[in-house]
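Chemist: These protein sequences, in sequence, are chains U and Y.
With the numbering used here as the guide, the letters of the first sequence map in order to residues 111 to 695.
With the numbering used here as the guide, the letters of the second sequence map in order to residues 2 to 259.
Don't read these hints as lab results, they were simulated from the structure.
Just so you know, even glycine gets a beta-carbon here, dropped at the ideal spot from N, CA and C.
Keep in mind that a hint or two might mislead.
Stated by the list, open to error - A few chain Y residues facing chain U, derived, Cβ under 8 Å:
1. L60
2. Q61
3. D112
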Amino acid sequence: MNQPAARQAFGLWHYVWKLLRLRLTIFWSSLRRARTRRKITTGLLALVILGLAVFLFWLSLVVLRFLQSPRIVQYIDLRAVIASMPSTVISLAFFVFLLTNFAVLLQVLYLTNDMDFLLAAPLPMRAVFLAKLLQALLPNFGLICLFALPLLFGLGVMQGYNILFYPLVVITLATVSLLGAGISALLVMAIVRVVPARRVAEILGFFGAVVSLLFSQSGQLFAQYGPANGGGITDAISKLSGMDQPWSPLSWAGRGLVALGEGNWLVGLPLLVLSLGLASGLFWAALGLSERLYYSGWARMQVSPRKKKNRQPAGAAQNISLRPAAGSSSLFRRVPAPVRAVVIKDWRLLRRDLRNLSQLIAPLIFSAIYAVSMVRGFQSIRQVPGDVFSSILVRSEVYLSLGLPMFFGWMFLMNLTIHAFSREGKSYWLLKASPLTPRRLMVAKFITSYLPSLVFQWILFAFVIVLRWPGIQTVIYALLMSLFFIAGLVGVTLTFGAYGAKLDWDDPRRMSSGPIGCLGFLAGVVFVVLAWGLFFLPPALVPVFGGPEWLGQLAGLILGGGVSLACAIIPPFQALGKVEKIGMG
Amino acid sequence: MNELGSKPLIEAEHLYKKYGDKTAVDDVSFKVFGGEIFGFLGPNGAGKTTTLKIIVGLLQPTRGIARVGGFDVLSQPVQAKGASGYVPDEPNLYAKLSGRELLHFVGDLYDLSPAQIARRTDELLNLFGLSDAGDDLVESYSHGMQQKASLAAALIHDPKVLVLDEPTVGLDPKSARLIKDILRQLADRGAAVMLSTHIMEIAERMCDRIGIINQGKVVAAGTMEDLRSLGTGQTDLEDIFLKLTGGVEDAEIAEVLK
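All chains should be modelled from the sequences, with the hints used to inform the complete structure.
Modeler: Structure follows, in structure tokens:
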């Protein structure tokens, strides 16, 4: 390296270090100024992480020793799988880096507020880019190391590998993580050139929520297709070890590490050098390309392109406020204009902002999964003529099957109501400065949550009704009951939404304000249980007293309906004073 | 009533606002009459925005009374807010509504008839040069366009009182001029306009009266003539402002550094 080039390279890392040190300073100074509780929590968290790493190391030693014990080997020989562990772990780490870094890089490269400041400062562009890349990479790298290092170090101890194996494992993981981040960065740059960064973040958030929910519920869904067995586990392990392919450069690194650990230098060194060299080369190439794309992409972001749309005819534009955005009926038109305006505005924002929509997706997925489970597990209890007990069981089963949609209705509604006021965010001043009374605002928020939740619940009821026709009388009862039930639940949870309103958020995931949200959640559960009892117990138990079912249903409507109506009116009315003060210092 | 016989449309009587131990607004009193533009000047953190927010009902004063259009903002908030329009310093608008939808929404909040809303929306979009972008989402607007959309929203109900916090920040000269003209027209039609600004030229040329606030207290209020006759020995608004707010020393330091 000649003198200026060396100085330039040194200068680059000097600036990168400066920028990373800035992040450390911000972290340290916010920790120093934090409340004692947060300091203690952070300290405890660090200890827990350290403890977890030690525990994982110990666990991997125990499991590997167990799997290699002669008694296990005579039933299932996993020695080849164990030997391929470094390749599998490195390949997995690469794909995890590739996937997880995408969202983080999008955030740090395009959606932070410090870019204007950094680009205006006399810093090399490459240093800014590298610092941002490392800033995104380091937390994920730490997380991967937390799981990968104990596993691979445990393997090293168990197999009695050479001392060089351990530092080389860290170097390999670091290089692979850089490669993953480099390719992720390229992907981010390419996509952001086509779709605006904020839109990409919204779509990612939405799909992230859907995918994580599908994963969390996949066990529930697939468990019914057949219990897990030893064969299944072996299949899964062999599929994982299938990542160790001789043609994959990621496997070369793993195989090289194992060979070096065993002292086989002639095989190990070329494999490792080749794979690390390839990864480093690809990283630098990706870095150079991303860097160029980044600067031009960032520059394009400053000029927010607006799509030219076909102009609507004048009449269409003029009728916006009259347009029935959500199938407004003549009844809806009788609602005062300010209330209707807030409702339509809220529905529009819920529909258009994927970040809001992702919060509502959970109950939809749960409902779909449990609906499938219900179809598959459908078994009716047979009623024995003259047997009161079997009659109670049959009625209970009918009402329990109607109770499940109520539970999903609660889940759907919770997200709408608890954040009903917080969702306004920094735009709340528009409502606050207008002549909208707290009562009208409360009514608007009530309708915004009530109507979609009712429709959602009726759809679920329709599913239950089609599946197990409970008779027209019970169908009418269920529909009437849900009118009251949803109203009561909205009333209770909306009240907590008003008390817990938080407007100063930038990320919708931070609109909950701690304990009030939890209390609202609990109050919702209490209401659901109470309403279940009041609506369903009278008609389910009426055979005990020999009365007709309609009498039980009437009692249920009077009891449950009465309590629900009280909950729909009294708590929101009590919260009007709080609504008046939302957003006021 | 003032000498022209018009009633005060904005009245602040002994307003106090405390945040913990800090007093942001300290015994502030003033009146703004129909037909005049009142400029509110002060250094950063002097209490301008807090005072304006109290007047439009966004903040509750710790003590004191604010009246808009003759209505007490605290006890008659609906009437007071119905008479006023507000433009904040940061136009935090609903990003996922289009400009047209936003104006329709605000028009509905003020209970205007659909025909009125449609007419005013088209007029205001045209006036602010937002007709082409009217059906685009607010999130795609530049800062200046959002500022103009915010002003259009404040004007949709043709308010008697208009309160603006730094209305020309982020606007190009043409848009800034447009806003100045609109404010003058509003005042000429009998509305009371109150605005805060850091730009002395705007205050000096546009405002009929000026109030200077420093550390939460109104240190001077009146016409330019009144301010000149305060005995500070200055004739230029900038010099008067610096003299009254203690910024002269800073200006001298800056002069030495030149």
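Chemist: Each hint should be assessed against the structure and marked as holding or not.
Modeler: Going through the hints against the structure:
With a least beta-carbon distance of about 5 Å to chain U, the hint placing L60 (chain Y) at the interface is held under the 8 Å criterion. At a threshold of 8 Å, the smallest CB-CB gap from Q61 (chain Y) to chain U is about 5 Å, leaving the interface hint in force. Because the smallest distance between the Cβ of D112 (chain Y) and any Cβ of chain U comes to about 5 Å, under 8 Å, the interface hint for this residue holds.
Consistency note: the structure conflicts with none of the earlier hints.
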